[in-house]
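S.K.: Protein sequences, first through last, are from chains B and A. Residue numbers for the first sequence follow my numbering, so the first one is 1 and each next one is one higher. Residue numbers for the second sequence follow my numbering, so the first one is 1 and each next one is one higher.
A couple of the hints might just be wrong.
As the list claims (entries may be wrong) - Derived pair list, reagent style SDA-like, types lysine to any residue, alpha-carbon separation capped at 20 Å: (1) A/Lys79 - A/Arg282; (2) B/Lys91 - B/Leu365; (3) B/Lys316 - B/His304; (4) B/Lys247 - A/Asp299; (5) A/Lys247 - B/Ala302; (6) A/Lys247 - B/Asp299; (7) A/Lys247 - A/Glu367; (8) A/Lys91 - A/Ala372; (9) A/Lys79 - A/Asp366; (10) A/Lys247 - A/Gln275; (11) B/Lys91 - B/Glu49; (12) B/Lys247 - A/Ala302; (13) A/Lys247 - B/Gly306; (14) B/Lys316 - B/Asn343; (15) B/Lys316 - B/Arg383; (16) B/Lys247 - A/Gly306; (17) A/Lys91 - A/Asp366; (18) B/Lys316 - B/Ser55.
As the list claims (entries may be wrong) - Quick look at which bits of chain B chain A covers, simulated, 3 or more residues with Cβ under 8 Å: (19) 192-198; (20) 201-211; (21) 223-230; (22) 247-254; (23) 269-281; (24) 293-302.
To be verified - Just some of the chain B residues that point at chain A, by a computed CB distance under 8 Å: (25) Ala33; (26) Val236; (27) Leu244; (28) Pro258; (29) Phe260; (30) Gly261; (31) Phe262; (32) Phe266.
No lab work stands behind these hints: they were computed from the structure. Just so you know, even glycine gets a beta-carbon here, dropped at the ideal spot from N, CA and C.
Below are the chains, spelled out letter by letter.
2 protein chains.
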Amino acid sequence: MAAGRAEARHDEANEPRSPVLRFGADRPLRLDAGITLSPFQIAYQTYGELNAARSNAILVCHALTGDQHVASRNPVTGKPGWWEVLIGPGKVIDTNRFFVICSNVVGGCLGSTGPASISPLTGRAYSLDLPVITIRDMVRAQAMLVDHFGIDQLFCVIGGSMGGMQVLEWASTYPERVFSALPIATGARHSAQNIAFHEVGRQAVMADPDWRGGTYLEHGVRPQKGLAVARMAAHVTYLSESALHRKFGRNLQNRERPTFGFDADFQIESYLRHQGMTFVDRFDANSYLYLTRSMDYFDLAADHGGRLADAFAGIKTRFCLVSFTSDWLFPTEESRSVVHALNAAGASVSFVEIETDRGHDAFLLDEPELFAAIDGFLRSAARARGVEVGP
Amino acid sequence: MAAGRAEARHDEANEPRSPVLRFGADRPLRLDAGITLSPFQIAYQTYGELNAARSNAILVCHALTGDQHVASRNPVTGKPGWWEVLIGPGKVIDTNRFFVICSNVVGGCLGSTGPASISPLTGRAYSLDLPVITIRDMVRAQAMLVDHFGIDQLFCVIGGSMGGMQVLEWASTYPERVFSALPIATGARHSAQNIAFHEVGRQAVMADPDWRGGTYLEHGVRPQKGLAVARMAAHVTYLSESALHRKFGRNLQNRERPTFGFDADFQIESYLRHQGMTFVDRFDANSYLYLTRSMDYFDLAADHGGRLADAFAGIKTRFCLVSFTSDWLFPTEESRSVVHALNAAGASVSFVEIETDRGHDAFLLDEPELFAAIDGFLRSAARARGVEVGP
Chain B
1 MAAGRAEARH
11 DEANEPRSPV
21 LRFGADRPLR
31 LDAGITLSPF
41 QIAYQTYGEL
51 NAARSNAILV
61 CHALTGDQHV
71 ASRNPVTGKP
81 GWWEVLIGPG
91 KVIDTNRFFV
101 ICSNVVGGCL
111 GSTGPASISP
121 LTGRAYSLDL
131 PVITIRDMVR
141 AQAMLVDHFG
151 IDQLFCVIGG
161 SMGGMQVLEW
171 ASTYPERVFS
181 ALPIATGARH
191 SAQNIAFHEV
201 GRQAVMADPD
211 WRGGTYLEHG
221 VRPQKGLAVA
231 RMAAHVTYLS
241 ESALHRKFGR
251 NLQNRERPTF
261 GFDADFQIES
271 YLRHQGMTFV
281 DRFDANSYLY
291 LTRSMDYFDL
301 AADHGGRLAD
311 AFAGIKTRFC
321 LVSFTSDWLF
331 PTEESRSVVH
341 ALNAAGASVS
351 FVEIETDRGH
361 DAFLLDEPEL
371 FAAIDGFLRS
381 AARARGVEVG
391 P
Chain A
1 MAAGRAEARH
11 DEANEPRSPV
21 LRFGADRPLR
31 LDAGITLSPF
41 QIAYQTYGEL
51 NAARSNAILV
61 CHALTGDQHV
71 ASRNPVTGKP
81 GWWEVLIGPG
91 KVIDTNRFFV
101 ICSNVVGGCL
111 GSTGPASISP
121 LTGRAYSLDL
131 PVITIRDMVR
141 AQAMLVDHFG
151 IDQLFCVIGG
161 SMGGMQVLEW
171 ASTYPERVFS
181 ALPIATGARH
191 SAQNIAFHEV
201 GRQAVMADPD
211 WRGGTYLEHG
221 VRPQKGLAVA
231 RMAAHVTYLS
241 ESALHRKFGR
251 NLQNRERPTF
261 GFDADFQIES
271 YLRHQGMTFV
281 DRFDANSYLY
291 LTRSMDYFDL
301 AADHGGRLAD
311 AFAGIKTRFC
321 LVSFTSDWLF
331 PTEESRSVVH
341 ALNAAGASVS
351 FVEIETDRGH
361 DAFLLDEPEL
371 FAAIDGFLRS
381 AARARGVEVG
391 P
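Here chain B stands alone, though its shape is the one from the complex:
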């Protein structure tokens, strides 16, 4: 049955329903692991039109389990794009004004080269043959996509969580190419607790015998149970205690009294099981290992001699950081330390902490204060850059 479902699933990793940019042997991707990846490809989506001055491009960086389908129907789930509440014609990020680019990260499973991609060397999926991909590797690949569009400088790079890590890396690695940067609900390094939760998820995947040491695709199976457990564990960390209490409390699921058994008596259990089950239908388990690992490895200060301010020395990019009061995965303190480093580097930076009980997930939700902050920041940046943004 697992195999059946795996076969029935469209092979989005190798034949994505997205435009794809292929880089041949002449354009390898240099990886932080010390080797090069070649050939490789990037699957992406764009929205709106690039203006003549090529000054209106916004790069959106997706989070751990996100993808390039940021503002249009997702062909895998059939659901709206993951940030359609924010991005589209007439929306806060108005695609009538801006040219929005979003690409699947390298290491992902929606068409950019990742562990589920067929290796041209072996004719089989890479599985674990790739080294760990870093946030910087993802950003280097994105820069090649931006080059392809002939864009010297992005008007803005925006993203939340793992996407926010990419935003910080973009600004640090290519400061002249980023006019403004909007890192949301993120940090400049992954904390010990966050590494711990990721490790629990990876161990859950690897404990599933259908993982087969990573070679499950060759065997027509998928470690669905293990990946579902990983997703459930992660999902708890995306919400706040108070949001869980407000949404579910100790309410029972379609029953008057507990069953004194191991069914999903409580609504929260039923909700989590659903989250786990739907996730495995759209995500590759090895990709989950790679992308959680990329976040664990992220430590911008360590990459600059231990001093975070040195990651942004002399930078002219305008920054706006956003955190959420109830986000315990990336608490406000993590954003604040980035703000302090940017201040120490003499950068232009604003910082908004938004009061909400929705936890880390708030960045993906219809959160008026978040949208107001993004709107205000983009308008101000657009005036400074001379980009027309409308009334």
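Chain B is already provided as a structure; the job is to place chain A on it using the hints.
M.R.: Just chain A now, with coordinates in the frame of chain B:
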């Protein structure tokens, strides 16, 4: 190999290296699920001597993965008792003065009747044939043990976490039998977030094919990988972010630079894997399901018409509640709501919130402020009860 290890392990569930009290058909245990358990047994340890007035008995209630070996070498792990820092001759709970009783909870796996016990009806382990055991069921069984010692009133009932739930249940169900009560790092109900983490752990166990729908003991296997993942996930919740940062940070494990692979690069990963591996050698997976479930079901207010104060109406027991500032599993707020309910019920209650970064686990550690609080409370209670406690 899993089977080999399972066979090699001493069958502590059925032949515990502890005194055992057996209750025959004439003394069934009434369960909240609406059925009776009979026969059943309780494995326990005692320390010190009961005085002539039978007024110096302290019942210690253990936490989720604890056991009766509270103040002497654990025969399974070979390690000291889990609360030997607190309990023993000359210690804060001085076994030269007090008679300390600690029993394995019903549903456990160290000799009291639980899912790994052989059912006299079938000759096989109960596995999932038992209904969910509640905290009140555990307490009812403990009361039968206390009866066995001819003790009408316990001088004190003490415990942390799931043990603290039992303390609250004891005071509520048998108020005249509890002179003083010390619930630590606990609450009067399990929160949605806590249920969520428990459900992740249970799903990890159940996802392991060696779980075999709960019948693994019949097949000579154990769901070790699933149980290890469950333990790892739970363990993260026992520590605080700051303790993890202080102890591990982003330090690498025996290496200078990351491997760009999925080895335990970080110390926190190596630590968690170790926690998972050692746990499965000492604990039964089905017991883990039952005991997590007992905590999920615990809701003292709901058992009393929704008003927590009504759980303690007219109670004369002296209470001391203790919470830890960095405990996010049972935050201070949970203890405070019990304190408010006890105040509303007119009970005698003191409350100590201890500043520490050690998280929920603090209750098991050498925490001087905790010991001072316990010492002061017990001395005061002993004077009131007329129990000799020494200088």
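S.K.: Against which earlier hints does the structure fall short, listed by number upward?
M.R.: none
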